[in-house]
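K.L.:
These two chains come separately, so use the hints to put the complex back together.
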Amino acid sequence: MTGRRLEYLAAPLVLFNLVCFVVPILSIIFFAAHSPEFVDVFPDTSRKLNSWDQQTLPSEDVFLTFVQELDKAAQDRTLPDAARRLNYEISGYKSLLSKTGRVAQDLRPPYREAMIGIDQRWADVNYWKVAASASHRYTTLFLLTALDFKKNADGSIAYARQDERVYLATLLRTFWMAFVVTAICVSLAYPIAFLMAGASPIMARVLLALVMIPFWMSLLVRTAAWMVLLQKDGLVNQLLSGLGVIEQPIQLIFNRTAVYLALVHIMLPFAILPIFSAMRSISTDYLRAAASLGARPTRAFVEIYMPQTLPGVAAAALLVFILTIGFYITPALLGGPKDQMISYIIAQFAGQNANWGMAGALALLLIVSVAVITSMASALRMSRSKRAGR
Amino acid sequence: MAKVQSLEEKFWRAMLYFASLMVIAFLIVPILIVVPLSFSGGSALRYPLEGLSLRWYGEILWTPVWQASLINSIIVASLTTIASTVLGTMAAIGLSNLKLRLSRAVYGMLLLPMVVPLIITALGIYFAFAYMGLLGSYLGLVTAHTLLAAPFVLVTVHASLQRFDWALMQAGASLGGRPVRVFLEVMLPLILPGVASGAAFAFVISFDEVVVALFIASPTTKTMPIQLFSNLKFQLTPAIVAASCIMIAISLFFAVLAEVLLPYLRRRRIKR
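If you read the protein sequences in the order shown, they are chains A and B.
The numbering of the first sequence is the working numbering, which starts it at 1 and goes up by one.
The numbering of the second sequence is the working numbering, which starts it at 1001 and goes up by one.
Derived by calculation from the structure, the hints in this document are not laboratory data.
Check the hints yourself; a few may be wrong.
Simulated pairs of lysine to any residue, SDA-like, Cα-Cα distance not exceeding 25 Å [said to hold, decoys possible]:
hint, chain 1, residue 1, chain 2, residue 2
1, B, Lys1010, A, Gln308
2, B, Lys1233, A, Gln352
3, A, Lys338, B, Gln1235
4, A, Lys386, B, Lys1233
5, A, Lys232, B, Gln1235
6, A, Lys232, B, Ser1230
7, B, Lys1010, A, Leu261
8, A, Lys150, A, Ile29
9, B, Lys1010, A, Pro307
10, B, Lys1233, A, Ile29
11, B, Lys1233, A, Lys150
12, A, Lys386, B, Ala1105
13, B, Lys1233, A, Asn255
14, B, Lys1010, A, Gln238
15, A, Lys232, B, Leu1100
16, B, Lys1099, A, Arg381
17, B, Lys1010, A, Asp339
18, B, Lys1233, A, Asp339
19, A, Lys232, B, Lys1099
20, B, Lys1233, A, Leu252
21, A, Lys232, B, Val1116
22, B, Lys1233, A, Leu261
23, B, Lys1010, A, Glu303
24, A, Lys338, B, Ala1105
On the chain A side, residues computed to face chain B include the following (Cβ under 7 Å) [stated by the list, open to error]:
hint, residue
25, Glu7
26, Ala10
27, Phe21
28, Ile25
29, Ile29
30, Phe30
31, Ala33
32, His34
33, Met217
34, Ala225
35, Ile329
36, Ala363
These numbers come from a predicted model, not from an experiment.
Cβ atoms here follow ideal geometry from the backbone N, Cα and C, with glycine treated the same way.
Extracted from the complex, chain B is given alone in its bound form (with noise of 0.2 Å):
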């Protein structure tokens, strides 16, 4: 169709270029500006980088603390991703098996860790676990990082079993399968794209968190977001960039299995 543009229709449109284009380059300007930042050979934050090397990623990975908090963080992540989607798989599954009003109040408050301000979650977490002697330990982490990630493997999962066929669970167990099999074998499959990206959010809020952990680790379970914390208000150096950006790695790492592989992997499915 040919279409004949005005000229306010083209200045428009020129206007919506423009605005757009800004607001993509604020989103994305900042952080690829210091993100070489990083690869400098010296020790100044500035422009133009005075050689470029490695040795900021070493200082990060073979110094200690930096190390230890590291392996922290994929532990604590590792088991949060474990249990939340463990937890959120079953409360969607049992949710969409809930009569439509007790199901829709049950999903709201399972969702309101996402919207309750993280400092009343932390304070109520910091008084739980005092309570249960949970304060400094992996357990401890593991289980506030579960409580702030699974609402969101409940969401991913909830939605996927709308399009689920609930008539597959009954073919599956009328031939016999006993019911955790009909789930592994029916179910799964064609709800995974759902848990698969749920999981990959639960493992990058975990590894993230921050405000939560600072009230409940304890020197020696410190994950690397609290050193993080801890070493950017008293001083900014090419190190803590390098740490910035092993983080940004993990967290794009999972984005791109979440966004890209997962639909990739479906779409795959569907056309078969």
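Extracted from the complex, chain A is given alone in its bound form (with noise of 0.2 Å):
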């Protein structure tokens, strides 16, 4: 076959890799700094307001503009998605929108009295501002937000108050809950990887195949397991009343615990395996020199062996890590209001409330620090083994 260009058979899966993936994902995350809703509906009231000193209330000339563009997108029925971009930033511009947009016909000059005769609001500088802001194609809005931050009405930007800072915190929470469950889990999968390593070929092969089997279940299923043990009816409340340890049913479910609990024994397996195998690769025979040397099997452990582990144990810490901060069935299923990791606000932009913006910005925001945490990791393993090289 020389002369057979076999490398061409990658083309496809780049091909498909590319288009299925690759490209919506950028184009997802373009929507974070691109929102054309307002702009598209009013271009000539957009160009007028970029021009307007933010001071006063707009000319008559604006409204109008304004008023017969309204009047015109009102009829074409284009008037929703401009209405809901404005209501991002003040809720209830939407229904000021809609409510002047029925009534846009009827309207005769002087255009500003005449609004601001429907809804006082229309006299509101405020308002005409974030008409102002949403009068480009490119906005930094989903961004700030995403990162807890508010623009003031003074163009000036500010952290945004306590009660309001959710998506900031919302990601610093999933990495809190990602960083507990990968300690728990590497230091649950050590001993065990270690029994395997040790072990004589048919008891390591059983004690694969019962790491195995949970690692091959949907994890779907293994969350509904959780449910049907801590529910409140569930098996451990009646484990715990029969032997009466309570009285009452306590409440197992709907909190950190229980998430803790299904997203370990979901990820347990994927730090097994690593450290499993980068342990049957260590030979015990430093183990016995140090122990001829006179070393206490448990100096010998942790100073000869323990050291020789942490590169398996890296990459199980990292695989583990970074698979829980994309979580999002489970703790839907089994968590509270305060237990949600970042994908789950994600999904509810996408899907409720198709706010694509905030969806793309938070998007962003998770992809970065996957990719920021991958490549820490690796440079941290390139410095590693350079310092061993020399």
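P.N.:
Right, dumping it as structure tokens:
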């Protein structure tokens, strides 16, 4: 087969991946900054608002253009998208716009007074500032909001009020939960991986099978199993009241502990396998050498064996951490409102609210965090192996 | 070799066995406790069981929504297995013939769907499919699941190609074999374990996938995991546990195929 270009066989999957994965995800991220909904429906108003001084109410000319375009949008039924865009910044703007849109064709000049006559809010400069800020095709609104920042009416950027800090807080909570799950998984995986690495071939195979059985099972099914165990009249409550430990069933579900239990259960095989494969390639000769030199078993294990397992542990931790960050289904079913991870919020924005700007901005935050963590880990590994090479 | 264990060593041994036992119990016991509930004759999820029966399995298999979702899942997973096995195997062969540096970069890109959070992949696919008119169709579900499953085929086939002797391909060609025939008769038998375990992975990944399917499936193309997910949000019944057990049985069938049967076949061939 010399001369045959076998490498082109990779092309279909590469192309498929580009069309259905890379480009769509880049577009999603693009939505985080691209928001032309208002400009598309109100092109002339947008142009005029861009040169408005933002101090006093816009001129009669702006009002005239606005009423003309509002009337057209109301008749073409293109108003809802633009109205939703304005509503992101001031709630109530949507109903204000549709209310004014319904009567736009009956308005007579002077339009400024006519609109204020319909609703006093048209006399409020802040409403026009929001329209002006929506008059650009690109916006920082979603990214700022995703980072819990807020643009004030005067254009300055400030940290959001305590009770409004939702998104960055959820991202940090996601990291924290992933960190806790990783720490528990790695510490539980270490002993059993060690046992497997030192066991007889048959014993090792049996243990591996016991680890792999849950690994192959659907995570939804395993989440369901935990719901059956932990629910109010679930098996754990039955057991505890049967033993007389409790009198009333206790709330075991819809809290952080339930989420941790299920997440650790799901992620544990992902921690065991890399540590096991790292330990299998470590010779125990050094341990014996240390013992023959008089080291106590504990000291030999901690000082000689454990450092050699660190690359495997690091690989396991990275894998578990990265995979846990993206969890959605399990916290949604087992957690309460304060136990949701960032994927849940992204799903809500994309689903119910159809706010693609916020979904895109949060997706960007999540992707950047995963990328930063992965590249930090690989940089660490490179510097380690460089040092080892010296 | 006679081994004299100090007290310290014995202590740590005992601790090791104890810890390992607890971990295995944590992994297995929850499943072992929940599964029998699906065979209960009554409708309460508690022990002791109110008699044994298969009524809940009957209820799942003969209720139209559940039945349709199971059939949907099997159709989608089967087609996904075929598509991702073909694409993944081709890509693995292609990458093995690329220059190392380029091959590594492309390999890394192709594995991204394994590590990028599913919700982001789901949003991207939803957006792309809305544009292409694939939302709610079988073709859409198969395409999306192929995107997620093909990397697993790529990994397993790529691994088995590491031990493949490319001179065999030249030998086959010099004997006059056309490329497709050389592939089918020379290469495929040698990399078959990798291809088959990749295919088993692909089936299970598609069969279990929830997040992406939630975004793109329509009521008529609803898969089993979606049906299970929407029921889990309301009430837990033995029927739901039975549905879970059906999913467990199907996953474990493929697990046994990939982890037990294929390694066994491979060992037998090497011995011959």
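K.L.:
Decide, hint by hint, whether the structure agrees.
P.N.:
Hints, one by one, checked against the model:
With a C-alpha separation of about 23 Å, the suggested pair Lys1010/B and Gln308/A falls inside the 25 Å cut-off, and the hint holds. This hinted pair checks out: Lys1233/B and Gln352/A have alpha carbons roughly 17 Å apart, not beyond 25 Å. With a CA separation close to 22 Å, the supplied pair Lys338/A and Gln1235/B stays within the 25 Å bound. As the CA atoms of Lys386/A and Lys1233/B are separated by approximately 51 Å, the hinted pair breaks the 25 Å bound.
Simply put, Lys232/A and Gln1235/B have alpha-carbon atoms about 12 Å apart, close enough for the 25 Å limit, and the pair holds. A distance of roughly 20 Å separates the Cα atoms of Lys232/A and Ser1230/B; the hinted pair therefore holds under the 25 Å criterion. Using a Cα cut-off of 25 Å, the hinted pair Lys1010/B and Leu261/A is violated, with the two alpha carbons roughly 31 Å apart. A C-alpha spacing of about 20 Å is found between Lys150/A and Ile29/A, which places the hinted pair at or below 25 Å, so the restraint holds.
As the CA atoms of Lys1010/B and Pro307/A are separated by approximately 22 Å, the hinted pair is consistent with the 25 Å bound. Taking the CA atoms of Lys1233/B and Ile29/A, the gap is about 30 Å. The hint is violated against a cut of 25 Å. Pair hint Lys1233/B plus Lys150/A does not hold up; C-alpha atoms about 35 Å apart against a cutoff of 25 Å. For the hint pairing Lys386/A with Ala1105/B, the CA-to-CA distance comes to about 21 Å; that is within 25 Å, so the pair holds.
Between Lys1233/B and Asn255/A, the direct Cα distance comes to roughly 15 Å. Compliance with the 25 Å bound is thereby established for this hinted pair. Proposed proximity of Lys1010/B and Gln238/A is contradicted: the alpha carbons are some 38 Å apart, above 25 Å. The suggested pairing of Lys232/A with Leu1100/B is violated, with an alpha-carbon distance near 56 Å, which exceeds 25 Å. Proximity of Lys1099/B to Arg381/A is assessed by CA-CA distance (about 24 Å); at most 25 Å being required, the pair is judged to hold.
The hinted pair formed by Lys1010/B and Asp339/A fails the criterion: a straight-line CA distance of about 42 Å is larger than 25 Å. Taken as a hint, the Lys1233/B and Asp339/A pair is honoured in the structure, with Cα atoms around 16 Å apart against an allowance of 25 Å. Between Lys232/A and Lys1099/B, the direct Cα distance comes to roughly 59 Å. Violation of the 25 Å bound is thereby established for this hinted pair. With a C-alpha separation of about 16 Å, the suggested pair Lys1233/B and Leu252/A falls inside the 25 Å cut-off, and the hint holds.
Distance restraint check for Lys232/A and Val1116/B: the Cα-Cα separation of roughly 35 Å exceeds the 25 Å cut-off, and the hinted pair is therefore not satisfied. Straight-line distance between C-alpha atoms of Lys1233/B and Leu261/A comes to about 19 Å, which keeps the hinted pair within the 25 Å bound. Distance check on the hinted pair: Lys1010/B and Glu303/A sit about 19 Å apart at the alpha-carbon level, within 25 Å; holds. Annotation: proposed proximity of Lys338/A to Ala1105/B is violated, straight-line Cα distance about 39 Å (limit 25 Å).
Here the hint on Glu7/A is kept, as its CB sits about 4 Å from the closest CB of chain B, short of 7 Å. Interface hint status for Ala10/A: upheld, as the beta-carbon distance to the closest one in chain B is roughly 3 Å, under 7 Å. Taking 7 Å as the C-beta contact cut-off toward chain B, the hint placing Phe21/A at the interface holds, the least distance being around 6 Å. Residue-level restraint check for Ile25/A holds (minimum Cβ-Cβ distance to chain B is 4 Å; threshold 7 Å).
For Ile29/A, the shortest C-beta to C-beta distance to chain B is roughly 9 Å, which exceeds 7 Å, and the interface hint is violated. With a cut of 7 Å, the hint placing Phe30/A at the interface with chain B is violated, because the nearest CB-to-CB distance is about 10 Å. The closest approach between the C-beta of Ala33/A and any C-beta of chain B is roughly 15 Å, which is over the 7 Å cut-off, so the hint fails. Hint status for His34/A: violated, given a least beta-carbon distance of 13 Å to chain B, over 7 Å.
The closest approach between the C-beta of Met217/A and any C-beta of chain B is roughly 5 Å, which is under the 7 Å cut-off, so the hint is satisfied. Checking Ala225/A against chain B: minimum C-beta separation of about 4 Å stays under 7 Å; hint holds. Interface hint status for Ile329/A: upheld, as the beta-carbon distance to the closest one in chain B is roughly 6 Å, under 7 Å. For the restraint placing Ala363/A at the interface with chain B, the shortest Cβ-Cβ distance is roughly 5 Å, inside the 7 Å limit, so the hint holds.
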